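Knowing the structure of chain A, use the given hints to seat chain B on it.
Protein chains: 2
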Amino acid sequence: MKELREAILTKGVVLSDGVLKVDAFLNHQIDPILVSLIGKEFANRFKNDRITKVLTIESSGIAPALATALELNTQLVFARKKKSLTLSSNLLTASVHSFTKNESNEITVSKDFVKEGDNILIIDDFLANGEAALGLASLVEQANASIAGIGIVIEKSFQPGRKKLEAAGYRVESLARLSSLENKTVHFL
Amino acid sequence: MKELREAILTKGVVLSDGVLKVDAFLNHQIDPILVSLIGKEFANRFKNDRITKVLTIESSGIAPALATALELNTQLVFARKKKSLTLSSNLLTASVHSFTKNESNEITVSKDFVKEGDNILIIDDFLANGEAALGLASLVEQANASIAGIGIVIEKSFQPGRKKLEAAGYRVESLARLSSLENKTVHFL
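Chains as they are written, first to last, in the numbering used here: chain A, 12 to 200; chain B, 12 to 200.
With the rest of the complex left out, here is chain A (with noise of 0.2 angstroms):
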């Protein structure tokens, strides 16, 4: 996606071979436009998929997958983030990995609003590891419900996310794939 490709090299910042910042058009502040932008090509690429409702997680899977969502006409639910579980039966849980923080969060989604039926796109902002995605497609399979794909807004394709996913199953859709970040700089694939 030609716009995204220009932001992440006009306004991302590479702080390492493995970290690209964009704080500054996705993940703290957001551009509308560009965000309207990649909601309308991931409703393009699912658009004869009848997807009945999008899944991300807060904080920033939530502008892309509200775009998408408005695009696809459905519904947007996002899963939260908790350090304790919380009990309550009407939950979906899973517990997500961290390799950046070296910690695990349980990430939950009520169970009203994922359901037998449903035909989920998973929208996130990120895949480097693959760990937010495979926790948002357990609360999908634990709910009974399909995924029909998984939507990533940038791809670190040096990391092993998308060879999981796939390797589970998942069609992956990616706006932009990073070959690598070397030398303080942006390859795409």
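Some hints could be false.
[Stated by the list, open to error] List of simulated lysine-lysine pairs, BS3-like, C-alpha gap at most 27 angstroms:
id, chain 1, residue 1, chain 2, residue 2
1, B, K13, B, K93
2, A, K32, B, K175
3, A, K51, A, K22
4, B, K126, B, K58
5, B, K22, A, K92
6, A, K122, B, K195
[Claimed, not checked] Covered stretches of chain A, going by a simulated chain B footprint (3 or more residues, C-beta under 8 angstroms):
id, region
7, 32-41
8, 67-73
9, 85-91
10, 120-133
It is worth saying that the hints were derived from the structure and are not from the lab. The structure presented is a predicted model; accordingly, all values stated were derived computationally and were not measured. Built from N, CA and C at the ideal position, the CB exists for glycine as well.
Okay, now just chain B, sitting in the frame of chain A:
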């Protein structure tokens, strides 16, 4: 705002005299069409105020703030909640007390994105005691930026938030104002 009042009446759940659950359309599942209308309404109320940026706080503020920023053709910034203060010279921080959870959190925003000369519209999903809005306002004032006003989706008018914000000199625009949640019933002002 008629569509919002209807959503509150048909999909909101009064949990107690003080708590309205809007997980079905605003806080966990999000109705993108309703959120777009919310954005248009905020934009209309502040259309003559030369807003340069919309500021909110993760997570539930992001969707209505994004819709507003899209209409106003400005960038959106969301403040982050942190349990522990990250030491960084580039962050503005404020402390926000939650009466519900009886704990205080630091909220932070990068100095790169809220600056002197900005005219900021603050957006949040709920106004109760006003602590979150006052924290966001503090971030703006620390940056020597100005505050055009505070847009609230649902105001609990029986709690002191509006009074505190108005006493501090801020314009408050709320799209739904609740006078009471007694007897498990929503009463609008």
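Quick rundown of the hints versus the structure:
Restraint check for K13 of chain B and K93 of chain B: the C-alpha separation of about 35 angstroms exceeds 27 angstroms, so the hint is violated. Among the hinted pairs, K32 of chain A with K175 of chain B is inconsistent with the structure: their alpha-carbon atoms are about 37 angstroms apart, more than 27 angstroms. A distance of roughly 21 angstroms separates the Cα atoms of K51 of chain A and K22 of chain A; the hinted pair therefore holds under the 27 angstroms criterion. For the suggested pair K126 of chain B and K58 of chain B, the alpha carbons sit about 21 angstroms apart, so the restraint of at most 27 angstroms is met.
Taking the CA atoms of K22 of chain B and K92 of chain A, the gap is near 24 angstroms; set against the 27 angstroms cutoff, the hint holds. Pair hint K122 of chain A plus K195 of chain B holds up; C-alpha atoms about 23 angstroms apart against a cutoff of 27 angstroms. With 5 residues having a Cβ less than 8 angstroms from any Cβ of chain B, the region 32-41 of chain A passes the three-residue criterion, so the hint holds. Residues of the region 67-73 of chain A lying with their CB closer than 8 angstroms to a CB of chain B number 3, which satisfies the three-residue condition for coverage.
With 6 residues carrying a beta carbon less than 8 angstroms from a beta carbon of chain B, the region 85-91 of chain A meets the three-residue requirement, and the given coverage holds. With 4 residues carrying a beta carbon less than 8 angstroms from a beta carbon of chain B, the region 120-133 of chain A meets the three-residue requirement, and the given coverage holds.
Against the hints set out earlier in the document, violations occur for numbers 1 and 2.
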